[in-house]
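Student: Sequence:
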Amino acid sequence: MTCPNTVEADTIVKELFVHNLVACVKQTAVNSTFAWQGKTESNEEVLLIMDTALEKFSAIEKVIKKHHSYAAFVLTAYPIVKSSADVEKWIKESLKK
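Per my numbering, the sequence shown starts with residue 1, numbered consecutively.
Honestly, the hints are just simulated from the structure, not real lab data.
Hints may be right or wrong, so weigh each one.
[Stated by the list, open to error] Listed next, the in silico DSS-like pairs over lysine-lysine satisfying Cα-Cα at most 27 Å (straight line):
#1 LYS62 to LYS96
#2 LYS82 to LYS66
#3 LYS56 to LYS39
#4 LYS26 to LYS62
#5 LYS82 to LYS97
#6 LYS97 to LYS62
#7 LYS96 to LYS26
#8 LYS65 to LYS92
#9 LYS97 to LYS65
#10 LYS26 to LYS92
Given only the sequences and the hints, what does the whole structure look like? Please build it.
Tutor: As structure tokens, then:
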């Protein structure tokens with residue numbers, strides 16, 4: 001998922017942790033090119049990559065809707081084929097709190 005700037009990204013990340021919805025969020029600057037309202041647009045954005053569980057998706061989406069400024073943000077979930085046992089344990093334990 002992308003945000004228009006670090007201020008908005010930081011706000012969203014903080015709220016995700018307040019509600020115990022993520023174990024980790026990675027942030028990095030990206031250049032995005034996308035189709036929007038019949039035009040091709042390009043923007044610098046902040047990409048958020050979240051380590052979480054699928055059952056948290058709806059709650060994450062609600063938090064993002066509350067704090068995101070885009071009319072249509074892209075929140076997607078990708079299947080993880082395999083993680084190390086320690087990582088799986090850490091994510092499960094992190095989301096229990």
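Student: All hints are to be evaluated individually against the structure, with a verdict given for each.
Tutor: Results for each hint:
1. LYS62 to LYS96: holds (19 Å)
2. LYS82 to LYS66: violated (32 Å)
3. LYS56 to LYS39: Given pair LYS56, LYS39 is violated - Cα atoms ~33 Å apart, limit 27 Å.
4. LYS26 to LYS62: holds (19 Å)
5. LYS82 to LYS97: Since the Cα atoms of LYS82 and LYS97 sit roughly 24 Å apart, the hinted pair holds (cutoff 27 Å).
6. LYS97 to LYS62: holds (19 Å)
7. LYS96 to LYS26: Holds, because 20 Å separates the two Cα atoms, which is no more than 27 Å.
8. LYS65 to LYS92: The given pair, whose Cα atoms are some 25 Å apart, holds under the 27 Å limit.
9. LYS97 to LYS65: Measuring from Cα to Cα gives roughly 23 Å; hence the hint holds.
10. LYS26 to LYS92: holds (18 Å)
When held up to the earlier numbered hints, the structure conflicts with 2 and 3 and fits the remainder.
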